[in-house]
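A.B. asks: What follows is each chain in one-letter form.
2 protein chains.
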Amino acid sequence: MDINKFLEQSAKSVEKALDRWVPKGRIKPQTLHESMRYSLFAGGKRVRPAVSLASSIACGGTSELAMPMACAVECLHTYSLIHDDLPCMDDDDFRRGKPTNHKVYGEGIAVLAGDALLTISFEMLLHAEATTRYTHRDFVRELAEASGSRQLIAGQVADLEGENATDRKVADLKFIHERKTSALLRCSARLGGMAADATPEQLSALSEFGYKVGLAFQVIDDILDETQSTENLGKTAGKDKEAGKMTYPSLIGLDKSRKYAEKLTREAFASLEIFGDQAMILNGLAGYLLGRDR
Amino acid sequence: MDINKFLEQSAKSVEKALDRWVPKGRIKPQTLHESMRYSLFAGGKRVRPAVSLASSIACGGTSELAMPMACAVECLHTYSLIHDDLPCMDDDDFRRGKPTNHKVYGEGIAVLAGDALLTISFEMLLHAEATTRYTHRDFVRELAEASGSRQLIAGQVADLEGENATDRKVADLKFIHERKTSALLRCSARLGGMAADATPEQLSALSEFGYKVGLAFQVIDDILDETQSTENLGKTAGKDKEAGKMTYPSLIGLDKSRKYAEKLTREAFASLEIFGDQAMILNGLAGYLLGRDR
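Protein chains in written order, with this note's numbering: chain A, 1 to 294; chain B, 1 to 294.
Keep in mind that the hints were calculated from the coordinates and are not lab data.
It is possible that some hints are incorrect.
Listed next, the stretches of chain A that the computed footprint assigns to chain B, with coverage defined by at least 3 CB atoms under 8 Å from CB atoms of chain B [claimed, not checked]:
# : segment
1 : 23 to 31
2 : 81 to 88
3 : 102 to 108
4 : 111 to 124
5 : 128 to 139
6 : 153 to 162
In silico DSS-like links for lysine-lysine, alpha-carbon gap of 25 Å or less [as the list claims (entries may be wrong)]:
# : chain 1 : residue 1 : chain 2 : residue 2
7 : A       : K259      : A       : K241
8 : A       : K28       : B       : K98
9 : B       : K174      : A       : K28
Keep in mind the model is a prediction, meaning the values are calculated, not measured.
Cβ coordinates follow ideal geometry from the N, Cα and C atoms, glycine included.
Input sequences plus hints: build the corresponding full structure.
C.D. replies: Structure follows, in structure tokens:
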């Protein structure tokens, strides 16, 4: 299994589904739909949807089954990026190598485009079919909890409040990363599994996998922010340091950060044991995320 | 049936349910949960939840059955107010007689509190039980469509883009009002009906009722903005005029606006015919909304 090929193919199929399920730019109000699509099709890595699709496969399902889940987590992720980039939040001018949403459409439309993507992410889940074990009530609960005030949004609040805070601790940073990144990756894996009617044991393994991979993902993001160029990242490098934000390298150093990401990835691999060969793609994804340079 | 008493009692029971289902202010992140609760418990009229509860009763159900729906539409409505009040939108300093959310908690937290209320509104629906005719898939679709990019958010976009526009037409204003207000009132009525397992005919009557009452509600809001004091309204009066916004009085005059609101209310009454006496409370609500002075 060539993981780059899988990522490329899954990104393509996810983009095709998103294009089908998100209102076209010509539909009124045009500015809003164009703005939603501007950020949604800005060439993200589509990591979260890939995790959903691969999780379905690990449980004996197909990519196609988990497509609504994949689109839901990608819309959710894109909304969080648009709102995080706003001047009243992280105030970022570039994302994925392009001007951020509010730089192109203005702050008002950017807030509303984020709101609309958050709303449509729940609608995406309705394209899925209920399984023997899971209904739409389970799907919606999964997404709402991961993206709600105790998880994703809690992470952004802590991040916002932690800027230039003194007395930073690794525990505080972990609190943020668990919520800002792990929660949605864990949710991506679980929703993918649910689409394939995962057994309770499989679902619990996917939870563990998503959690560890999510944490590793964010540690690596911190490392890349310090070691890579703005050009390579497609977003302003060194931004965290400049804003006085806590990062793993700033707290424990680059070397220890790398070792921590490796440890988390090994633990993610270990959590996949019960799937046997069916977890080949998930395994490949974890390895890819550890080795990425942007 | 004393409608003021019903409104008072239903507001009380809705607030009790909201208090139970929305994380307490002491739960981390405290600022976020306090901010969500600040706007949620700022003493709104609770019109939308009352419509949900009364719609359930009209279909032979109880208030209790529709409580999750009532809380969902109130959380949704509150999120839309917080975001609408932001400096990059309507830039309002007062709402319900109190400083707006961003004035108290800052813009970043206000954006996130709105996001969290939008997210939790979908979670609220999960407290309801599926009925013979309707599942959580139907509940979520109903709320997502009414609050999505073609309805509620479309209205806010059109409102934002219409400020100081020339060549205003009644049709444009109706487009905004249908989306900013009617869509959610229609949804409140329908969700309430669904909780009571409404027949297709009942659901269609509730749609018509919610649509007409929503439109009347907004026409009256326009009238009050021009005729009432800031003190009485609890929000800055005359704000629409100042911002160069279209309103019914500015387009067709106060007198014709009043007549239009009356006509819509009469049509709303008419749509309730099939419910007989069971629609007494809905009838009372429509009358109350027409006669209100704030």
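A.B. asks: Determine for every hint whether it applies to the structure shown.
C.D. replies: Verification of the supplied hints:
no. : hint               : result
1   : 23 to 31           : holds (count 5)
2   : 81 to 88           : holds (count 3)
3   : 102 to 108         : holds (count 3)
4   : 111 to 124         : holds (count 10)
5   : 128 to 139         : holds (count 4)
6   : 153 to 162         : holds (count 7)
7   : K259/A with K241/A : 21 Å, holds
8   : K28/A with K98/B   : 34 Å, violated
9   : K174/B with K28/A  : 15 Å, holds
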